[in-house]
Each structure stands twice: as C-alpha cells, then as structure tokens.
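Modelling step: build the complete structure from the supplied sequences, incorporating the hints.
If you read the protein sequences in the order shown, they are chains A and B.
In this text, residue positions in the first sequence follow the working numbering: the first is 1, and each later residue adds one.
In this text, residue positions in the second sequence follow the working numbering: the first is 1, and each later residue adds one.
Source of the hints: derived by calculation from the structure; they are not laboratory data.
One or more hints might be untrue.
[What the hints assert, rightly or not] Restricting the straight-line Cα-Cα distance to at most 20 Å, the calculated cross-link-like pairs of lysine to any residue (SDA-like) are:
1. A/120 / B/106
2. B/69 / A/272
3. A/120 / B/80
4. B/69 / A/98
5. A/14 / B/343
6. A/14 / B/113
7. A/95 / B/64
8. B/222 / A/12
9. A/95 / B/66
10. B/222 / A/70
11. A/14 / B/80
12. A/273 / B/240
13. B/54 / B/106
14. A/14 / B/222
15. A/120 / B/126
16. B/69 / A/9
17. B/69 / A/210
18. B/69 / A/14
19. A/273 / B/340
20. A/160 / A/210
21. A/14 / B/349
22. A/120 / B/125
23. A/15 / B/105
24. B/69 / A/61
25. A/95 / B/349
26. B/69 / A/91
27. B/69 / A/90
28. B/222 / A/61
29. A/120 / B/84
30. A/14 / A/31
31. B/69 / A/102
32. A/14 / B/104
33. B/222 / A/62
34. B/119 / A/246
35. A/14 / B/66
36. A/15 / B/64
37. B/69 / A/103
38. A/151 / A/183
39. A/14 / B/102
As the structure is a computational prediction, the values presented were derived from the model and not from experiment.
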Amino acid sequence: MRIEGFYYPAGHSKKSAAVLICEDGRCTLSDDQKVLFKAHITDFRISDRLGDMPRQMRFLDGELFETEANDQVDALLRSNRHHGFSALLHRLESKAAYILPLLLVAGLSLWFLYAWGLPKAARVIAFSLPASELNLIGDHTLETLDRLALKPSQLSEQRKQGIRARFTGLTDEIGSGFVYRLHFRRLPENAADAFALPDGSIVVMDGLVELSEEPWEIDSILLHEIAHVEERHGLQSVFQDTLLTLMVSVMLGDAVSTAQAAASLPILLMERKYSQNFEQQADDYASDYMLTHQVDTVHFSNILERLEASYATEDDKTKMTEEREPESSWDYFSTHPRTKDRLLRIREKMIRGQWSD
Amino acid sequence: MGNSYKQIERRSEQSLYLTFIRLTHDFLTNRPSLPGSGGSITLEQKQTSIPHLKPYPFEFRGSGGEFFKIWIVNILLTVATLGIYSAWAKVRTTRYFYGNTFLNETSFEYLANPVAILKGRLIAVALFILYGFLSGSSPMLAGGLLAIFFLVTPYIAVRAMRFHHRMSAYKNIRFDFVGGVGDAAMVYIVWPILGAFSLGLLYPVAHQRFVKFYLSNTRYGKESFDVTARVGQFYKIYLALFAIGIVVIGIAVASAFTMFGLPISRDMGAEQMQAAMIPMIMAVYGAFFFLTFLMLAFIKSKFANLIMNSMSVSDRFHFESDLSLGAVAWILFSNALAILFTLGLAYPWAKVRLAHYTADHTMLTSMESMDAFLGQHVDETNAIGEEMGEMFDIDTSF
Numbered sequence: 001m002r003i004e005g006f007y008y009p010a011g012h013s014k015k016s017a018a019v020l021i022c023e024d025g026r027c028t029l030s031d032d033q034k035v036l037f038k039a040h041i042t043d044f045r046i047s048d049r050l051g052d053m054p055r056q057m058r059f060l061d062g063e064l065f066e067t068e069a070n071d072q073v074d075a076l077l078r079s080n081r082h083h084g085f086s087a088l089l090h091r092l093e094s095k096a097a098y099i100l101p102l103l104l105v106a107g108l109s110l111w112f113l114y115a116w117g118l119p120k121a122a123r124v125i126a127f128s129l130p131a132s133e134l135n136l137i138g139d140h141t142l143e144t145l146d147r148l149a150l151k152p153s154q155l156s157e158q159r160k161q162g163i164r165a166r167f168t169g170l171t172d173e174i175g176s177g178f179v180y181r182l183h184f185r186r187l188p189e190n191a192a193d194a195f196a197l198p199d200g201s202i203v204v205m206d207g208l209v210e211l212s213e214e215p216w217e218i219d220s221i222l223l224h225e226i227a228h229v230e231e232r233h234g235l236q237s238v239f240q241d242t243l244l245t246l247m248v249s250v251m252l253g254d255a256v257s258t259a260q261a262a263a264s265l266p267i268l269l270m271e272r273k274y275s276q277n278f279e280q281q282a283d284d285y286a287s288d289y290m291l292t293h294q295v296d297t298v299h300f301s302n303i304l305e306r307l308e309a310s311y312a313t314e315d316d317k318t319k320m321t322e323e324r325e326p327e328s329s330w331d332y333f334s335t336h337p338r339t340k341d342r343l344l345r346i347r348e349k350m351i352r353g354q355w356s357d
Numbered sequence: 001m002g003n004s005y006k007q008i009e010r011r012s013e014q015s016l017y018l019t020f021i022r023l024t025h026d027f028l029t030n031r032p033s034l035p036g037s038g039g040s041i042t043l044e045q046k047q048t049s050i051p052h053l054k055p056y057p058f059e060f061r062g063s064g065g066e067f068f069k070i071w072i073v074n075i076l077l078t079v080a081t082l083g084i085y086s087a088w089a090k091v092r093t094t095r096y097f098y099g100n101t102f103l104n105e106t107s108f109e110y111l112a113n114p115v116a117i118l119k120g121r122l123i124a125v126a127l128f129i130l131y132g133f134l135s136g137s138s139p140m141l142a143g144g145l146l147a148i149f150f151l152v153t154p155y156i157a158v159r160a161m162r163f164h165h166r167m168s169a170y171k172n173i174r175f176d177f178v179g180g181v182g183d184a185a186m187v188y189i190v191w192p193i194l195g196a197f198s199l200g201l202l203y204p205v206a207h208q209r210f211v212k213f214y215l216s217n218t219r220y221g222k223e224s225f226d227v228t229a230r231v232g233q234f235y236k237i238y239l240a241l242f243a244i245g246i247v248v249i250g251i252a253v254a255s256a257f258t259m260f261g262l263p264i265s266r267d268m269g270a271e272q273m274q275a276a277m278i279p280m281i282m283a284v285y286g287a288f289f290f291l292t293f294l295m296l297a298f299i300k301s302k303f304a305n306l307i308m309n310s311m312s313v314s315d316r317f318h319f320e321s322d323l324s325l326g327a328v329a330w331i332l333f334s335n336a337l338a339i340l341f342t343l344g345l346a347y348p349w350a351k352v353r354l355a356h357y358t359a360d361h362t363m364l365t366s367m368e369s370m371d372a373f374l375g376q377h378v379d380e381t382n383a384i385g386e387e388m389g390e391m392f393d394i395d396t397s398f
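Take a look at the structure:
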C-alpha cells in the first residue's frame with residue numbers, strides 16, 4: 001500500500017513531501033531521493049480518525065508522517081491490527097443515517113438522567129450523611145435570618161405552649177435521628193409563612209398561627225415542614241442543583257460563553273421543577289400522616305387556601321370565587337406548585353385513602 | 001445573586017481566555033519569505049512597511065454538520081458512561097478544532113491522553129461534591145476548603161497551562177509553558193486582591209499582568225512569545241466597558257419608570273396585573289440579553305485585537321487581528337438565540353461559526369524564513385501534577 005503525505009524530522013519543523021509504502025506491516029518511508037526510515041506498523045503511534053482531519057503517524061523517536069489519506073490509513077490498520085474502538089467511533093460519527101437514532105437515544109437518556117438519575121443520585125448522597133452532621137448548620141442560619149428579616153413572636157405563651165405540645169407529639173411519634181426544635185417568629189407586615197432548616201429547626205410565623213382556626217391546620221403545615229427535614233430536601237436540592245450544573249457543563253464541553261449564557265435560563269427552570277417536586281412530596285407526607293391517623297385532610301386544604309388568600313391583594317379576594325386563569329407562564333418560575341393543584345392532590349389522596357380503608 | 005454574577009464574570013473571562021488560547025496555538029508558518037531579511041521589526045514598522053511582510057492567514061476548515069455528529073456521539077457516550085467518556089469527548093472536541101485550524105497548509109495538533117484528563121476530572125468531581133456536601137452541613141468547613149483551594153490555585157494553574165501547552169503542537173514541534181508558581185501567585189492572588197480592594201481601579205493592571213505572565217512564559221520549541229500591550233491600553237477598554245455598563249443601568253432605570261405608566265390600576269386582579277407586566281418584563285429581559293452579548297462581544301473583540309496585535313514570537317513573527325465589535329456581537333447574539341430555540345442542537349454549528357470568523361480575521365506576518373524551528377525536548381511522562389493539570393480548567397482562565 002502506498003500513502004502520500006509529509007515528513008517532519010524529529011524536533012524540527014521542516015516539512016517535506018514523502019511516501020509511505022507498507023507491505024505486510026513492514027513500512028518504508030522515503031522522499032524522492034532516499035529512504036528516510038523503515039519501521040513496522042506497530043511501531044507507529046497513529047492518531048485516531050476524526051472527521052477528515054489530517055492523520056498523524058508518529059515514530060518512536062519523534063519523527064512524524066502526516067497524511068490526509070484517511071481511508072488508506074484505516075485500511076492499513078484493518079489489515080494489520082484489530083479493528084478497534086476508534087474505528088467504531090468514527091463509524092458512529094460519520095454515517096448520516098445514524099444521526100436521527102443517535103439524537104433520539106441521546107435526548108431520551110438526557111431526559112432520563114434529568115428526571116430520574118440526578119434526583120436519585122442527590123438522594124443517595126444526601127442520605128449518606130449522618131443526621132448529626134446536619135445539626136452544624138442550624139443556629140447560624142437562624143441567627144442570620146433573625147438579624148436580617150425576622151422579628152420576635154408576639155403570640156401568647158399559652159398559644160405557643162399549645163402548638164409546641166402538639167408538635168412534640170408529632171415528632172416523638174415520627175422519632176427519627178433529628179432533634180426537632182420549634183421556633184416562633186414574626187415577619188414584617190405579619191405575613192403568614194413557615195419553613196424548615198436542614199437540622200430540624202422549624203420556624204413558624206405569627207401570621208400563619210393567626211390564620212389557623214383549628215389545631216390540625218397548624219399540624220398539617222408542621223408535618224409538611226417535618227417532611228422537608230426527614231426527606232432532607234434542603235440537602236438534596238443543593239446536590240441536585242450542583243449535579244445539574246455539572247451535567248450541563250459536561251454536555252457543553254469546554255463551552256463558549258454564549259452557550260453557557262443561553263443555558264442559564266433553562267437551568268433555572270429545571271431547578272424550579274425539582275423544587276416543585278419536593279413541595280409535592282412534603283404535601284403527600286403530611287396528608288398521608290393525617291389519613292393514617294383518621295384525620296380529615298380538609299384541614300390541610302383549608303389552611304392552604306387561606307394562605308393563598310392571604311397573599312392575594314384585597315381586590316383579588318372579591319374575585320376568588322370567579323373562574324381563574326387556567327394556565328400562567330409564571331408557574332414555570334415558581335418554587336411551589338400551584339395551590340389549586342396542591343388542593344386537588346390532597347383531596348384525591350383523601351378519596352383514595354377512604355377507598356382503601 | 002453574587003454567585004451567579006461571579007459566574008457570568010468568570011465566563012466572560014473564560015471566553016477571552018479561550019479566544020487567545022486558540023489564537024496563541026493557532027500559529028506560525030514555514031514558508032520561506034523574502035531573502036535577506038532578518039533582525040527584528042517593530043510594531044510601527046510592521047504597519048507601514050507592508051511590502052516586506054508576508055501575510056499568512058489562519059483558516060478554519062471544520063464544518064457544522066461534521067462537528068454535529070461528533071458532538072452528538074460525545075453526548076450519547078458521556079451519558080451512557082455516566083460522565084467517564086467526557087474526557088474522551090473533550091479530547092475529540094479539542095482535536096477537531098485544533099486539527100481543522102490551518103496555517104500555511106498545516107494544521108495544529110492536540111495530543112492529550114484522555115486518561116490523564118479523566119483522572120483530573122475524577123478528582124475535580126470528588127472535590128466538587130465534597131464542597132456541596134460541606135456547604136450543606138458546615139459552611140465553616142466549606143469556606144475553609146474554598147480558602148485552601150484559592151491558595152493552591154497558582155500551583156494548579158501553572159500545571160494546567162503546562163499540560164495544555166505541551167499537548168499542543170504544530171509542525172511536529174510542541175508548545176510549552178515555563179511560568180513559575182511564584183509569578184503565578186502574583187497574577188492569580190496578589191493582583192486580583194489589589195484589584196478588589198481598589199474597587200476595581202487596579203483590575204486593568206491585574207489583567208495586563210496576567211496576559212504578560214501567560215504569553216511571555218509560552219514557548220514554541222525554542223522560540224519565546226511576548227506581548228507589548230501596555231496597562232494604559234487595558235484601561236481604555238475597561239473605561240469603555242464601564243460606559244456601556246452605565247448605559248445598561250440607565251436603560252434598566254428608564255424601563256422601571258415606564259412600568260409606572262403601564263395600564264395597571266388598583267382594581268385589577270393579580271392575574272391581570274401579571275398579564276400586563278409580562279410583555280414589559282420580556283422586553284427588559286430581551287434588552288438585557290442583547291446587551292449582555294454586546295458586552296461579551298466588546299470584551300472578546302477588543303481584548304483579542306489588543307493582545308494579538310501586540311503579540312510576537314521572538315520578535316520576528318507578529319500577529320494581526322481585526323475582529324469587529326458589530327460582527328462578533330451579532331454572531332454571539334444570534335448563536336445564543338439559535339441554541340435557545342433549537343434546545344441546544346445548534347450548539348455545534350454556533351461553535352464552528354465563531355471559529356470560522358475568528359480564524360478569518362487573524363493572521364500571522366513575518367519577513368523571515370520560518371523553515372528552521374527547533375523543538376525542545378519535552379518530557380511527556382513527568383506526571384503527577386500534569387494530570388492535575390486539566391483538573392480545574394476553569395481556574396486557568398483569567
């Protein structure tokens with residue numbers, strides 16, 4: 001076999017035309033005057049084929065033969081060595097007929113990774129931490145929040161004691177490795193809210209307590225927050241977001257800044273979807289608990305509905321009864337699922353729960 | 001917020017880094033030019049004495065379609081191997097862009113062994129997860145890890161540059177990087193800190209010092225690179241960038257004011273209010289999107305031109321770059337839109353398109369014969385640190 005190309009001496013940039021002739025694996029490289037060197041095909045380090053780029057054949061002491069005759073080099077490799085992985089890669093990369101199936105498989109596996117793989121991996125990592133580790137974060141976070149946004153609670157001691165007693169009842173029964181602590185705080189304008197920190201600190205705002213009309217209403221919200229702690233949602237979301245960013249940057253390779261910038265919005269949307277899933281899980285946890293304790297989940301729905309109403313403006317309240325816009329593009333940006341969907345799910349769970357009884 | 005801003009900032013720096021990494025390695029030719037020439041020429045002479053200079057334009061021969069297939073196989077195998085193949089994907093992608101960049105009918109080469117890159121990546125991912133882990137449980141320890149990482153950055157960066165340069169070749173001669181850890185500490189730690197403490201006033205100096213450090217320590221065989229761009233020239237570009245920033249903020253403020261003029265009244269419901277605001281928010285987002293690319297393009301084109309036009313090899317070979325702000329802005333902006341609306345599928349095409357433009361607007365000029373470059377023996381197996389080299393390729397980008 002005869003392959004035309006260029007020869008470079010070791011450690012020198014001088015380029016000259018040369019011809020490589022191979023017979024049964026024994027190769028001779030020569031220019032138009034003399035033989036440059038003789039070597040066996042296995043003594044060359046031959047670069048993998050990639051598109052139609054020039055191919056480099058390096059000899060042990062640094063001499064280089066470069067050729068654009070890719071097909072001939074492939075044929076040479078086939079007849080003298082096993083047809084390796086790189087040849088398979090080139091087949092995949094060059095056949096037009098493979099594009100559509102590859103695209104489909106790649107798309108499906110990416111979707112699978114996003115919807116199942118990453119959350120699963122984040123969960124495994126989050127649960128591999130001992131619960132005691134998580135206690136480290138607690139007080140500092142609450143201290144910071146106290147300094148920035150939260151005010152002391154103005155609830156009566158009696159009211160607090162009542163809620164605390166029921167809360168202890170709940171956490172004693174759930175009895176996990178977490179040390180639960182209940183804190184009462186007040187938000188500016190007495191807004192209604194509650195949140196959980198990864199170490200088991202649960203913070204309830206006065207506004208929420210004042211919205212409730214029935215003890216189980218507060219309990220259902222507390223259960224929702226306990227679920228966030230038990231399921232380690234805070235930690236999971238840190239890992240999910242980290243892995244997601246990692247995945248996108250690996251996919252884009254050494255991406256130019258444009259692609260990165262273009263990817264930032266989709267990444268945000270994907271993270272929001274994860275967050276909505278966690279809220280749904282926490283809702284399920286709370287309503288499951290209530291169902292197993294023969295408590296009507298309507299209390300949960302009631303407080304959620306009142307929460308939603310408390311966020312709406314005065315004018316909105318008059319329109320509450322009217323048909324609401326079914327779809328809004330804001331849903332994709334929200335960290336929580338729509339209240340309507342949450343209520344529907346709780347109600348469905350209750351109906352299913354009653355049937356299974 | 002602070003975090004994402006940092007990322008954006010880092011990315012713009014990265015794009016600059018990529019630009020001139022590409023341009024730096026895409027270089028040199030071997031055609032004998034006019035006889036009897038020799039010695040050095042200055043920049044001024046170069047601009048006036050065109051007859052004696054021979055231009056060697058860069059040329060990019062890759063195609064979007066060809067790269068698309070390579071890219072999609074990369075993604076598929078990376079997913080199938082849970083990221084292991086990403087090291088091979090990186091090598092294939094870099095090889096594709098180097099191997100299709102031609103100068104004087106000869107292409108560049110990227111010779112890295114994927115296994116070395118894989119080792120570095122595994123360490124990086126482990127540290128990344130450890131950090132996520134710590135920031136979830138103990139912010140103190142996470143901060144400590146960051147501080148340690150910050151302190152060893154110069155060492156890692158020097159190793160990474162050395163790895164990258166030694167794996168890059170042209171005409172059977174390899175590049176090399178000879179910068180020391182001490183100098184790296186100056187440009188990676190001391191100058192950026194001074195830049196921050198001076199509220200950015202010294203940042204252009206930090207940038208210039210970095211460029212100088214990077215290029216004056218770059219070797220091609222026995223030849224040395226150098227760059228003569230002065231601090232004042234960096235200040236000029238940053239000043240203009242600052243002015244653009246002011247305009248962006250002005251637009252934001254103005255649009256906030258026009259929002260008051262929108263048909264929103266107190267008796268509208270929340271949904272209606274949102275409906276009225278969505279077009280406005282879209283418009284503002286669109287404007288920011290476009291201005292982001294204008295600024296990116298400004299950074300990319302102005303710095304590439306400044307650095308390339310004052311860069312030389314052994315003072316005998318010079319570069320010319322004439323990237324235009326408008327063209328680069330249009331390419332970056334339309335690329336991003338194309339990527340967004342094809343759900344990422346246009347990415348290979350976009351990347352190839354930018355490479356074409358950059359190569360078409362860059363050339364090498366020299367009066368001298370370049371037939372006799374000699375290689376320096378480069379020890380390829382000088383391991384441990386080299387493998388860490390690719391570990392945090394982000395952090396080698398200024």
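Status of the hints after comparison with the structure:
1. A/120 / B/106: Violated, because 49 Å separates the two Cα atoms, which is more than 20 Å.
2. B/69 / A/272: Roughly 32 Å between the alpha carbons, so the hint for residue 69 of chain B and residue 272 of chain A is violated.
3. A/120 / B/80: 16 Å, holds
4. B/69 / A/98: 9 Å, holds
5. A/14 / B/343: Violated: residue 14 of chain A and residue 343 of chain B sit about 46 Å apart, past 20 Å.
6. A/14 / B/113: Judged against 20 Å, a Cα distance of about 26 Å means the pair is violated.
7. A/95 / B/64: The hint holds at about 15 Å.
8. B/222 / A/12: 10 Å, holds
9. A/95 / B/66: 10 Å, holds
10. B/222 / A/70: 32 Å, violated
11. A/14 / B/80: Given that 20 Å is the threshold and the Cα spacing comes to 43 Å, the pair is violated.
12. A/273 / B/240: At roughly 40 Å apart (the allowed maximum being 20 Å), residue 240 of chain B and residue 273 of chain A break the hint.
13. B/54 / B/106: Between residue 54 of chain B and residue 106 of chain B the Cα gap is close to 17 Å, so the pair holds against 20 Å.
14. A/14 / B/222: Holds. Residue 14 of chain A to residue 222 of chain B sits at ~14 Å (cutoff 20 Å).
15. A/120 / B/126: Since the Cα atoms of residue 120 of chain A and residue 126 of chain B sit roughly 18 Å apart, the hinted pair holds (cutoff 20 Å).
16. B/69 / A/9: Given pair residue 69 of chain B, residue 9 of chain A is violated - Cα atoms ~35 Å apart, limit 20 Å.
17. B/69 / A/210: 61 Å, violated
18. B/69 / A/14: 34 Å, violated
19. A/273 / B/340: Given that 20 Å is the threshold and the Cα spacing comes to 19 Å, the pair holds.
20. A/160 / A/210: 12 Å, holds
21. A/14 / B/349: Roughly 35 Å separates the two Cα atoms, so the pair is violated.
22. A/120 / B/125: 17 Å, holds
23. A/15 / B/105: 11 Å, holds
24. B/69 / A/61: 35 Å, violated
25. A/95 / B/349: 18 Å, holds
26. B/69 / A/91: Since the Cα atoms of residue 69 of chain B and residue 91 of chain A sit roughly 10 Å apart, the hinted pair holds (cutoff 20 Å).
27. B/69 / A/90: Status holds; Cα separation ~10 Å.
28. B/222 / A/61: At roughly 19 Å apart (the allowed maximum being 20 Å), residue 61 of chain A and residue 222 of chain B satisfy the hint.
29. A/120 / B/84: 19 Å, holds
30. A/14 / A/31: Holds, at about 13 Å.
31. B/69 / A/102: Roughly 9 Å between the alpha carbons, so the hint for residue 69 of chain B and residue 102 of chain A holds.
32. A/14 / B/104: 13 Å, holds
33. B/222 / A/62: 16 Å, holds
34. B/119 / A/246: Distance ~17 Å between residue 119 of chain B and residue 246 of chain A Cα, so the pair holds.
35. A/14 / B/66: 31 Å, violated
36. A/15 / B/64: 30 Å, violated
37. B/69 / A/103: 9 Å, holds
38. A/151 / A/183: 11 Å, holds
39. A/14 / B/102: 16 Å, holds
Of the numbered hints given earlier, the model fails hints 1, 2, 5, 6, 10, 11, 12, 16, 17, 18, 21, 24, 35 and 36; all others are met.
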